[in-house]
Amino acid sequence: MARFIIRRLLQMVGVVFVLSLLLFFWLRSLPGGTVSAILGERATPETRAALTKALGLDEPIWVQYWKFLTRALRGEFGVSTGVLPGTDAMTIFLDRLPATIELSFLALLIAVVLAIPLGYVSARRANSPLDSGLVVVSLVGVAVPVFFLAFLLKYQLSVEHNWFPVSGRQDNIGCTRVTNFFVLDGLLTREFDCSASALKHLVLPSVALATIPFAVIYRITRASVLDVLGEDYVRTAESKGLNARVIRGRHVLRNALLPVVTTIGLQTGGLLAGAVLTEQVFNFGGIGNALAVAFQRRDYPVLEVLILAAAAIYVIINLLVDIAYAVIDPRVRTR
Amino acid sequence: MSPTNPMNRRKDRIDDLAATSGGTATLVREAGTVDEKPGVSLIASAWKRLRRNPVFLIGAGITLLFVVLALVSRVIAPHDPAVGYLIDQVRPQSNPVPGPQPGFPLGADDAGRDLLSRLIVGSQQTLIVGVFATLFGLAGGMVLGILAGAFGGWVDALVMRIVDVLLSIPSLLLAFSIAALAARPSQLTVIIAVAAVQVPIFARLLRGSMLAQRHSDHVLAARALGVTERAVVFRHMLPNALGPVIVQSTLVLATSIIDAAALSFLGLGNPNDRQPEWGQMLGKAQTYIYDYPHLAVYPALCIIVVALGFTLMGESLREALDPKSRR
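Those sequence lines, one after another, are chains A and B.
Heads up: the first sequence at position 105 corresponds to 140 in this note's numbering, and the numbers run straight through without jumps.
Heads up: the second sequence at position 143 corresponds to 178 in this note's numbering, and the numbers run straight through without jumps.
In short, the hints are calculated from the structure, not lab data.
Among the hints, a few may not be true.
Unchecked claim - Residues on chain A that point at chain B, a partial pick, calculated with CB under 10 Å:
| hint | residue |
| --- | --- |
| 1 | Leu54 |
| 2 | Val179 |
| 3 | Pro180 |
| 4 | Leu234 |
| 5 | Val269 |
| 6 | Leu326 |
| 7 | Asn353 |
On a predicted model such as this, the values are computed, not experimentally measured, just so you know.
Note that the Cβ used here is the ideal one computed from N, Cα and C, for glycine as well.
In isolation and in its complexed conformation, chain A is listed as follows:
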């Protein structure tokens, strides 16, 4: 087991290293380059040359990459130019991380809590009207652009009916900040109205964000349970006369959930891309929001830290999923 984890960790270091290389070249090939991004198009050749020297852009490329790498490892990505001009890019990332974690967590919770039972019921009653209906819902869920669904929810439930707040993370009711996880803060400081307000703001964005993970997890659960139901050991268990609850829990669900666990892990990583769109619609003030604005205003320092962080988070989640999988399924370890 330890060897498995070490091997995966080494692989992960390799992937992150290549990613940093890609990011470095991506930044260098951006339209106009760093100098134009800072000075604008109309700078004089003298100031351009001065800044090029100051930024070290006249040095050999491997020296530049080494500097980029050491800078990135120390968390120094420079100062934001578009999202929050003048603020350190790393600070923006750390300030906004809790918002996105809160949102993604709730979205994933909604998706999992709905998708697994529904997927199981669907498979048990395959080809019933309920099953067909749910399959259609899951297919439509993938076909709807996430940001359009977010707009639709916001328009119907916030603008037309005023049931949910239109945007932001919390009403301005003077809440104490402890961890920047607003729901958790309210519970810690016993300002329960703060938690309630934060939760109300979370409902619509997380429902919009949950659609794709829901559709994917639902279909994997359904397919996986269908597979397991056809296995010989389930038939054997049934013919042995085991009671239905034991068969359901021990033989069907436990085996069927293996691929579901990995899918959930994968969807966690993919949530960030969806969060870019959802947070933008609800002006949620998380990482996704910052990424959307950074793309629009070409805020390179912020893009640098956010993209590297997003990829790193994705890779780490994949690693955790692999380890979880090796714990659940011993066959994986020997590969």
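Assemble the complex: chain A is given as a structure, and chain B must be docked to it using the hints.
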């Protein structure tokens, strides 16, 4: 790596899809011996099942309708989509979007152009985005996949490490990053950004099913007969490995149209809207979305229906080609 392992990490899931094609050859042969009808090809047997599958028929019907609409759109559109006929009625403050009126059943957009005509003609560019994004992704993936699958060994290892790194970035985020590289965004840069995301997926898929072919008996037989290496790869391995790739292509047609809309929404899409495209219309409608939601709803519905059509077709194709579901 065993193909029976129900792993569903992204790359292993792709490999699983690929493995289904490895099994089809033997399965068809078995079916042939049982039925005493040799020569029933995979395609013929799949078609026989698809013909009676309502899901496939609905999907294929939507797709056919969409393609025909795109082909004749210029002829049946009542107005020129690029001309602001109702520009006189546009008042940026009080009335930015002219409403429905005789001759303009859906009204106009904020430049006074007929909305119905733009929706009809928009099918053309939408089809172009979908088809070319899929073709570019397929072409890139084919080159990498064939390299890795045909040679194996260190070429395979090198190509697959690159592919794995690309797969380690959330795909939509990768598309955003590539689109941001364009100094002058255009329809082409949108297509390239959306296609690039698909390259690693296609590569991994094709490599997997090529590897499955490499170890199959008919390839061994061809080698033993002295068939040249190039002919083995292109005439014996590649055609048999294409099944999962074709299925994936139908699904990518849907995702690329949706992804292109997301790019427009973030302002990374094609800024020139003389040639309308549904994703672009939807992305740009956000300015007026609370006062004039119909500007967003019509293109969104078009995208949803078409994406659903492609998805239904792709999913039923996968089922028909999957030996497991034929038991």
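Here is what the structure says about each hint:
1. Hint on A:Leu54 holds. Least Cβ distance to chain B is approximately 6 Å, under the 10 Å limit.
2. For the restraint placing A:Val179 at the interface with chain B, the shortest Cβ-Cβ distance is roughly 5 Å, inside the 10 Å limit, so the hint holds.
3. Hint status for A:Pro180 relative to chain B: holds, with the closest Cβ pair at about 5 Å, below 10 Å.
4. The restraint placing A:Leu234 at the interface with chain B is violated, with a minimum CB-CB distance near 24 Å, outside the 10 Å limit.
5. Using the Cβ-Cβ criterion of 10 Å, the hint placing A:Val269 at the interface with chain B is not satisfied: the shortest such distance is roughly 15 Å.
6. Using the Cβ-Cβ criterion of 10 Å, the hint placing A:Leu326 at the interface with chain B is satisfied: the shortest such distance is roughly 8 Å.
7. Taking 10 Å as the C-beta contact cut-off toward chain B, the hint placing A:Asn353 at the interface holds, the least distance being around 7 Å.
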